[in-house]
Structure formats: structure tokens, C-alpha cells
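Here are the chains, one letter per residue:
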Amino acid sequence: GAVVSQHPSRVICKSGTSVKIECRSLDFQATTMFWYRQFPKQSLMLMATSNEGSKATYEQGVEKDKFLINHASLTLSTLTVASAHPEDSSFYICSASAWTPYEQYFGPGTRLTVT
Amino acid sequence: AQSVSQHNHHVILSEAASLELGCNYSYGGTVNLFWYVQYPGQHLQLLLKYFSGDPLVKGIKGFEAEFIKSKFSFNLRKPSVQWSDTAEYFCAVNAGSNYQLIWGAGTKLIIKP
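Chains as they are written, first to last, in the numbering used here: chain A, 1 to 115; chain B, 1 to 113.
Keep in mind the hints are simulated off the structure, nothing from the lab.
Quick caveat, the model's predicted, so the values are computed rather than measured.
Take the hints with a grain of salt, since some may be wrong.
As the list claims (entries may be wrong) - Straight-line distance between alpha carbons at most 35 Å, and here's what the computed DSBU-like set of lysine-lysine pairs gives:
1. A:55 / B:49
2. A:14 / A:66
3. B:58 / A:20
4. B:49 / A:20
5. A:41 / B:108
6. B:58 / B:112
7. B:78 / B:108
Taking the hints into account, I'd like the entire structure generated from these sequences.
Structure (C-alpha cells):
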């Protein structure tokens, strides 16, 4: 149980285009979903927290107009990187929590490369 | 600011050796503590967690961790590692009423067969 999927697993796009990443909880309803960014050899950096039906809460330094988060249902959250640039290239990971907000289940991640 | 530190970025051990990975956090109040593991090519998985009660927590695959409040530590241990334990291990802390997890930088563990 508690499986989280992400799609796509890998995406390459040209600078200036927008990219959407989906995060789904497959066998549970996620009250809260989290979006992280992982830089090489560094820890996970929390970008934003989202609850179903409400606006996401962004961490300091994360541009909400660039990283658009939509948590449309209890099983789906999307992250759209608007007008992506090479510096946005990274590994993006989502997680979801259900029974307790402290315990998170992670998706496999999405490798974004912006050329 | 709250922080989590993992002292070793890389650890190399032989099979059957004992393992201890350090994790220290900075926060004086109530904490929830986690160890996550990421096997090569796979996503993060919860290894074990501590919320309250017995400070010695047993997790999956023979791992355990001990919460020592006076030392602000939550070290991960395994008495005898296997080649399949090769992975990256992350310590994470939830502090106070915030739902966020504060993450350590991770420790890459390589087990030589």
C-alpha cells in the first residue's frame, strides 16, 4: 500500500517551454502533497506543500509564478514549470501523506533537463 | 533555524560488518524522527520512524535507530550489513507543529561483497 507515482519519469524540453509533472497517490487519498527538488549530492529541498482544494504554500525563495502547483483532487497534484530555463534542470520529487501529515510516501521522481 | 546533520557523506563497508550512521538535529522541542532509504534507481522509502515511546525503534530489513534526546541524535544501526543494503540513507526530522520534514544531506552506503 501507499504507492505514489510520478509522470513523466524523465523529460527534456527546450528553454522557454512549460513542463507539467503529475503526482498521483494510487491506493490512498492524500490529504497533503509535497513537492521537492533534489540537487546533485544535496538533500531534498522542499518547494511547496499543497492540500486538496486550496492554494499551495510555497517555501521562501520558490517562485510561485514559475512553479505552479495544482492539487485538484485527493489523488492528484501537478507541478508545472512555466517557461523553463536550464537552471530549472533538476530532479523533482513529490510525496503524499494521508493518515498523518508527518509520514510521507514518495514518488520515484522526475528528471527535468532544459536545453 | 532547524537543521539536520548527517556526519558521513560516504560509508564503505564489507558484508557482515556492523553499521552506524549518525544523525543529529537542532531543535529543543518535541520531534518526530525518520530514516528514509533510496536504493539505486528506486524512490525514497520509509525505513523507520519515531514519534514517541520506546526510544529504540526497529524498522524494516533489520535496521534500528535509537533516539537519544540529550544528544539530539537518532543514529541508524544494523548489526550485520548485506550487499543489498547499498543505498543512500536520509535522516529527516519533523519539529513542532509544522508538517515539514527537515532533511539531512544523506549518506551513501556502499557494501562490498
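Results of checking the hints against the structure:
With a C-alpha separation of about 29 Å, the suggested pairing of residue 55 (chain A) with residue 49 (chain B) holds against the 35 Å cut-off. The suggested pairing of residue 14 (chain A) with residue 66 (chain A) holds, with an alpha-carbon distance near 16 Å, which does not exceed 35 Å. For the hint linking residue 58 (chain B) to residue 20 (chain A), the alpha-carbon distance of about 39 Å lies beyond 35 Å, and the restraint is violated. Simply put, residue 49 (chain B) and residue 20 (chain A) have alpha-carbon atoms about 32 Å apart, close enough for the 35 Å limit, and the pair holds.
Using a Cα cut-off of 35 Å, the hinted pair residue 41 (chain A) and residue 108 (chain B) holds, with the two alpha carbons roughly 10 Å apart. The hinted pair formed by residue 58 (chain B) and residue 112 (chain B) meets the criterion: a straight-line CA distance of about 24 Å does not exceed 35 Å. Of the pairs offered as hints, the one joining residue 78 (chain B) and residue 108 (chain B) holds, with about 15 Å between alpha carbons and a cut-off of 35 Å not exceeded.
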